[in-house]
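Student: Everything in the sequence shown is counted per the working numbering, starting at 822 for the first residue and increasing by one.
For the record, the hints were derived by calculation from the structure and aren't laboratory data.
Here a beta-carbon is modelled for each residue, glycine too, at the ideal position from N, C-alpha and C.
Some clues are possibly wrong.
[Said to hold, decoys possible] Label-pair ranges, simulated between beta-carbon atoms:
# : residue 1 : residue 2 : range
1 : A1324     : E1187     : 29 to 39 angstroms
2 : R1022     : P1066     : 34 to 44 angstroms
3 : R1504     : G1371     : 17 to 27 angstroms
4 : R1331     : P1066     : 19 to 29 angstroms
5 : R1407     : A1327     : 20 to 30 angstroms
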Amino acid sequence: MSDLPAPAAHDPRGGYGTASDLPALAAQDPRGGYATAPDLLVLAAQDPRGVYAAASALRNTGDPGQRVLALRALGLAGKELGRLGEGIAHLREALRLAESSRLDYAAAQVRMNLVGLLAAGGDVEGALAAADAAAPVLTGADADRLLANRAYLLARSGRIREVARIARTCADPEVLVGLRINTGLAKAYAGRLGRGEADLRAALATAERAGLRHQAAMVRHNLAFVAMRRGDLARALALYDAVEPELAGAEERLCQLRVDRAEALIAARLPGEARVLLADTIDRLTAGGYRCDTADALLLLAHAELSDGDPEAAAATARRARAEFADRAGCALSAELIGLRARWACGDRSVSLRAAAERAAGRLAEYGWASASADARTLAALVALAHGDPDHAEHLLGRVRGETVSARVAALHATALLRLARGDRPGASAAVRAGLRAADEHAAALGAAELRGRAAGWAAELADLGLRLATGPRALLVAAERARAIADRPPAVRPPRDRRLAALLAELRRVSAEVPARPDLQTAQGRLEDAVRARCRRLSASRDRVAGWGWLVPALAETLGDRMLAEYVRVGADLVAVTLANGRCRRRSLGPYDRIRDDVRLLRFAVSRLARDPGNAPARASLAATAGRLHARLIEPLSVGERSLVLAPVGALHGLPWAALPSLTDRPSTVVPSAAGWLRAMRAPSDGGHVALIAGPDLRHADEEIGTVRARHPRARVLTGAAAIAEETRSALDGASVAHVAAHGVFRSGNALFSGLRLADGPLFTYDLEHLDRPPRLLVLSACDAGRAEIYEGEAVIGMVTAALGFGTATVIAAVTPVGDAAARDLMAGFHERLAADASPAEALARAPRSAAALGFVCFGAGHA
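Throw the hints in and build the complete structure from the sequences for me.
Tutor: Following this line, the structure appears as structure tokens:
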């Protein structure tokens, strides 16, 4: 259940208690400041600090009516500045003054303002009482403003269905904008995204026509939320980035935007980042007294914790949120649902869990929370299936309509389990395929490799079920490839190079180069990395639709020739290999995955030690023993014969130094993220190009290595010493037929796209390789760990090699472990000698003499010239 979506946790924005419940904009005093108290009311949201200072000077005027207006402005500005309790106190003082002065209409206006502030403070009953008391008095535009405030209050109370039914229009553009914000978001929460977006776009048009810049920013903020619900994360994140500066100085609005941004991060499968953002935001909201927003943020934090694999923390945070919701019954139900999902994640399959989920589904539907209701029904159906009650599960799932990618995938997962329980394996497989298509369509719109990789996680459980359902080796191969395609298939059209991103990378390169000598720059480095990630996440893309998968095995069989494909797959706790050779698929069982994973770790450790100390006897003994066991488990059962190998690993096998296995040391082989990815690499254009040779600084033997290679390529473009800087290197790589970089490599665990090669002016990052116009056909990275990758949930492989392959490089030679400098130099000399003699890259690497200190080098991609 970790892939269920967040319940509708935050409130529709645009409630009135700010400038939007005030008269038309008044002129600013040409002498500076604001001419009258009504001016202050109008501009309280746009310039809360200025308004607060000016209203403080006017609050002691002799005219009671002006004093009431000044106190109202102080209250509204205080709310915007993060001092909600103080703002409410000012409004209560204004109410007492209006009542004692018998200003009945003014008192009703104060109550109208109190609705928004009391709602923000979590006092729903008090806000309703204020609205009811003001309603009989207010007329005209003020009555419209009160209606908008009531819509805001109903939304914050979780009574979405009531808000969505409000259809009144208003003459005042500010009031109309706020009303449409509330109704638009209510419709979106109710699952009617198209209608909700239409209301928001109408609000934006009204705000822009009237010159209401602050309100227009609020509308764009909410359009970002709808884009996120649609699955358009790139647009949502771009809108949040654009709107945030426009809300500077408005503490509450900024906190609300950050809460919404956190929900987008969860949708992008970045719950760890969301937790950090929410923890800070909750502290700020609590300090400001915004109990309503605090409860919403706590609910979203519980969801982030659940998505991050921490159900115990999620359950505790959900209880806190539920207590904070107090009389907001609809929202409290969403907190209850998180608690129920946490119970499921902890292994609870009880009848009481199913009953509670069904009750929550029904009550959430009554309040209009369509998405959360669907989540609860899916959960109840899963529990019913666990109890062997497919009829009841079918009844529940028949009323589920997925809105987000996570909801669609979760519902289809439950549907697949239901059909399997009924013995309908073909129907279960069809549901799995539909769920994988939903995840693939979601990933297709994402331009950032990181987000595409993480999108595969939405379908991880469904993909595992598909592998278990596969009957026969051919079906298993196709099932594995369907799942891997979500992250491995690159955009059909590469996003254009972003100048702002290029500038950020250049500054990050400069700062990163200085950090070893100046640790005080680490904070600046972190901020720049955050900015690079944020910029990349805004990139959108598109991919060609895959019309079925029946073409895959015939295309592979034709292209393989006399090679053998071995695709490794985890099926439950076991590792399985599917081989394809001479047009025939076979399935080989290889034993428990965990045992093989442990041996891979041992082998990596031994190879790494030998890179530093080639004569280390214990490491050599460990290498021989472990390599023998892995060869017996991974290669011997395949009946390889004399064939070359195309290896598609899984999990820990992506980090295996394959050449350490006895029969692979001199056997041509290549490693790929997927079989379909190998076909793409094989079809990469083979246009001619130059040879580029680059030597990074402070690497023993780098200049000598490049000199040796240059002897084979006398016309090569060579960059060494101070000339080997990032932009010159990018230029040299672009359009090269062969590119060879000898440099120090750094792998960043947890941030693989910031892995890089050290050059004269700082690191060349993986991000730099993604946007070459014509990536080199053969890229040789003679550097430690340049071939390492990060494996996300769903078998997405993210690293420097996969970035290069994804954007058109046919073959990459890189090391998955540390390597010895002298050993790398000697291996590369032999490699290029054989390459110049017309050997393919895979053949040249396999037949070049190599010592134990260079076992980490692997051929990736096509493997042919």
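Student: Next step is simple, just say for each hint if it's right about the structure.
Tutor: Against the structure, the hints:
Separated by about 52 angstroms at the C-beta atoms, A1324 and E1187 break the suggested range of 29 to 39 angstroms. Separated by about 22 angstroms at the C-beta atoms, R1022 and P1066 break the suggested range of 34 to 44 angstroms. Look at R1504 against G1371: about 19 angstroms separates their beta carbons, and that is inside 17 to 27 angstroms. Here the CB-CB span from R1331 to P1066 is close to 25 angstroms, well matched to the stated 19 to 29 angstroms.
Checked against the hint of 20 to 30 angstroms, the C-beta distance between R1407 and A1327 comes to roughly 51 angstroms, which is inconsistent with it.
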